[in-house]
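A.B. asks: Since the structure of chain A is already known, use the hints to place chain B on it.
Number of protein chains: 2
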Amino acid sequence: MEEKTRRLEEVPGFRTAAIEAGIREWPKPRNDLALIAAESAVPTAGVFTRNQVAAAPVKLDRRHLKATGGMARAILVNAGVANACTGEGGEDDALGCARRLGAGIDVPEEQILVASTGVIGTRLSLAKMEKGIDLALASLGKTDPGDFARAILTTDLSPKEASAELDGDAGVFIAGACKGSGMIAPNMATMLAFVLTNAAVAPKALAAALKEVVASTFNLVTVDGDTSTNDSLFLMASGVTGVPAVVKDSGRRYDKFVKCLYRVCHSLSAQIARDGEGASKLVRVRVIGARRAREARAAAKTIAESPLVKTAMFGNDPNWGRIVCALGRSSARVDEGRVSLSLCGARLFEKGMPVDFNKADISNAMKTEDIELEVDLGLGKGEATVLTCDLTDGYIRINADYTT
Amino acid sequence: MEEKTRRLEEVPGFRTAAIEAGIREWPKPRNDLALIAAESAVPTAGVFTRNQVAAAPVKLDRRHLKATGGMARAILVNAGVANACTGEGGEDDALGCARRLGAGIDVPEEQILVASTGVIGTRLSLAKMEKGIDLALASLGKTDPGDFARAILTTDLSPKEASAELDGDAGVFIAGACKGSGMIAPNMATMLAFVLTNAAVAPKALAAALKEVVASTFNLVTVDGDTSTNDSLFLMASGVTGVPAVVKDSGRRYDKFVKCLYRVCHSLSAQIARDGEGASKLVRVRVIGARRAREARAAAKTIAESPLVKTAMFGNDPNWGRIVCALGRSSARVDEGRVSLSLCGARLFEKGMPVDFNKADISNAMKTEDIELEVDLGLGKGEATVLTCDLTDGYIRINADYTT
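Quick mapping for you: the protein sequence lines, in order, are chains A and B. At the far end of the first sequence sits residue 404, using the working numbering, and the numbering has no gaps. At the far end of the second sequence sits residue 404, using the working numbering, and the numbering has no gaps.
Only chain A is shown next, with the shape it has when bound in the complex (with noise of 0.2 Å):
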């Protein structure tokens, strides 16, 4: 995006905090509690991991978006700590969070949102939530632009922000953060992402915009195809400007609300795929020419999801047998005298048949950040893309090597 990067921080209607709270000790102790509160109960919409298990805040978060019809005041995010596999004691760290939160700001504990992240089957420390909690809310709005995104890491590599301005609506803008190798690190669970705007959009509308941008962006990033437990997302509209709201789930205004939602949303999911664990290139996989939009979200994510493709990725290796190899076993129709395929811009198979190409020079502008693959499989004009890292020793050496 051309315009500056707008914080998190800096949206009207919001108030953060990150602190450390010292339920994250590993490798040393950093913030690891965060904080978003609005000005009162604002329409707020969540998506959450479709994994059965699923952990205490997300199943928290689900029954307090019901009860209120979409609306929160807060939400508190920890790092270190998933509270997945906790069973009811679990579940009542959750509750005890937001109680005490809920308390604090003298709201009843159904406008309060919480999430987590790190290890599994670990139980919350109470006692230090509820102190991490006073100490945040005493901080409230004295964090600098960043601390947020900095606070919710666990072992990514870097913050991942993104914003967009509304076209035409002059200071309404959307801005958020997010977490995540896009996977299960060491135990550290999860994608986390939070998206605040000062626009003003009712509880529905909003709820509609944030599954239909979802579809084409988070659920369209795959690392290794591990989903987490924890796995969130959260939009919270404070609706603190003079713009008229987005009322309805349709029509130029909520139309012109998702397109900026898109942009932030698809910024921050290719973060997150380009901040894979071991990752040291983002692949964009396109799928077109399938009979239907859904056969070429599947065609594509058993590509990106293939080892052997994203190990040729790491290894600059034009090796389109693979490419095709996983093509044929996903569930899209597949006719492979239809099938033509291009790696970093140069056609490598054409309708079912090897393309002449020298494998050097494909191998060498191979040897950049950003992999471009298209596949066209010529049956009609369904499409997709997705987006993934490659697959490097790197993820190898993180994953296995951690406890022991």
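These are calculated hints, taken from the structure and not from any lab test. A hint or two may mislead.
[Said to hold, decoys possible] 20 Å max Cα-Cα, derived EDC-like pairs, lysine to aspartate or glutamate:
| # | chain 1 | residue 1 | chain 2 | residue 2 |
| --- | --- | --- | --- | --- |
| 1 | B | Lys-351 | A | Glu-88 |
| 2 | A | Lys-367 | A | Asp-393 |
| 3 | A | Lys-351 | A | Glu-374 |
| 4 | B | Lys-59 | A | Glu-336 |
| 5 | A | Lys-351 | B | Glu-88 |
[What the hints assert, rightly or not] A short, non-exhaustive set of chain A residues, derived as facing chain B with CB atoms under 8 Å:
| # | residue |
| --- | --- |
| 6 | Thr-311 |
| 7 | Leu-327 |
| 8 | Arg-329 |
Note that the Cβ used here is the ideal one computed from N, Cα and C, for glycine as well.
C.D. replies: What follows is chain B alone, placed relative to chain A:
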């Protein structure tokens, strides 16, 4: 198995050959063409890749087995070139081989089956193959035990052979050989398996037995989830024995044959997992207590294909969180509160809650070539075992560094 391993070369009613045809020149010339020939057309069953992009030999074999009703005289195998993604020219090459071999032993081409493994997208040299076929025919029956198993290897580290005797039928046995790191190595495709028996089995019963056994052996082995364009498994029954034939696909004699076939296929498929590219361990993922067998298979496969679980096995990391997480995203019904999990015989997770265990002890127990991982879903009687291997830096090296 306690019995001495019998070789393919020893099965009455068949002769084999293994010669150098000059198809596979990398990394250095060696035997790359092998042949199995029965004394007459005998009952033969085959199962092939489900990949939509099927290699030319697979297409030919399906056609020939259908045309003959499951009878074949000979199977020709080459290593070095997969004859996949080679268009109509490739299909002509496969047919040309079948014709040359058929002419050489004076049978119609429909009685000939062919199998290829190697680089995708490269044409077979029909001239070299024809010379090779003549040479192989001239040396039929002159090979040493084990020659066949060695000639079909590509990136495999070791030949894979197994045999078993039919219970109570003296002198009747099944012997097989296979190749494959379970996936596609540097453009080197394919799992190929060849199983021979001197038992007398009618074509329909033979096909039924193979289908039944494959479902619980080869189809439950996964190295990296990639299915090749060339995967093929053949079973030929010469019937050169005094024992009554298996004519129906049910009954005591059929069951006995299936049991014996299972032992051979189970051993061969386990050898494939253990020899997976870069593998340092065989990992046995057993799921019990699923609502049904299908769900147990789905759960076990999702765990066995999770890169995070596989790297944890490599790192001797008793990281049960990754296992539960993979379980939760599988298509099997999972109720977190009922899930229990054991690793190397030690209980790590019990009915949805972590168990206190000594991490160093379990990690030490994991320092073995055979890891046992058992998950109890606590929901029903469905069970399945999937075999896989760990994911190591060796895998990355082999697959990233080949062509460039």
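A.B. asks: Run every hint past the structure and note whether it holds.
C.D. replies: Quick rundown of the hints versus the structure:
The straight-line distance between the Cα atoms of Lys-351/B and Glu-88/A is roughly 12 Å, inside the 20 Å bound, and the hint therefore holds. Under the criterion of a C-alpha separation no larger than 20 Å, the hint pairing Lys-367/A with Asp-393/A is consistent with the structure, at around 17 Å. Between the alpha carbons of Lys-351/A and Glu-374/A the distance comes to roughly 13 Å, so the proposed pair stays at or under 20 Å and holds. For the suggested pair Lys-59/B and Glu-336/A, the alpha carbons sit about 13 Å apart, so the restraint of at most 20 Å is met.
For the suggested pair Lys-351/A and Glu-88/B, the alpha carbons sit about 12 Å apart, so the restraint of at most 20 Å is met. This hint holds: Thr-311/A has a C-beta 4 Å from the nearest C-beta of chain B, less than the 8 Å allowed. For Leu-327/A, the interface hint holds, since its Cβ comes within 8 Å of a Cβ in chain B; the closest pair sits about 7 Å apart. The restraint placing Arg-329/A at the interface with chain B holds, with a minimum CB-CB distance near 4 Å, inside the 8 Å limit.
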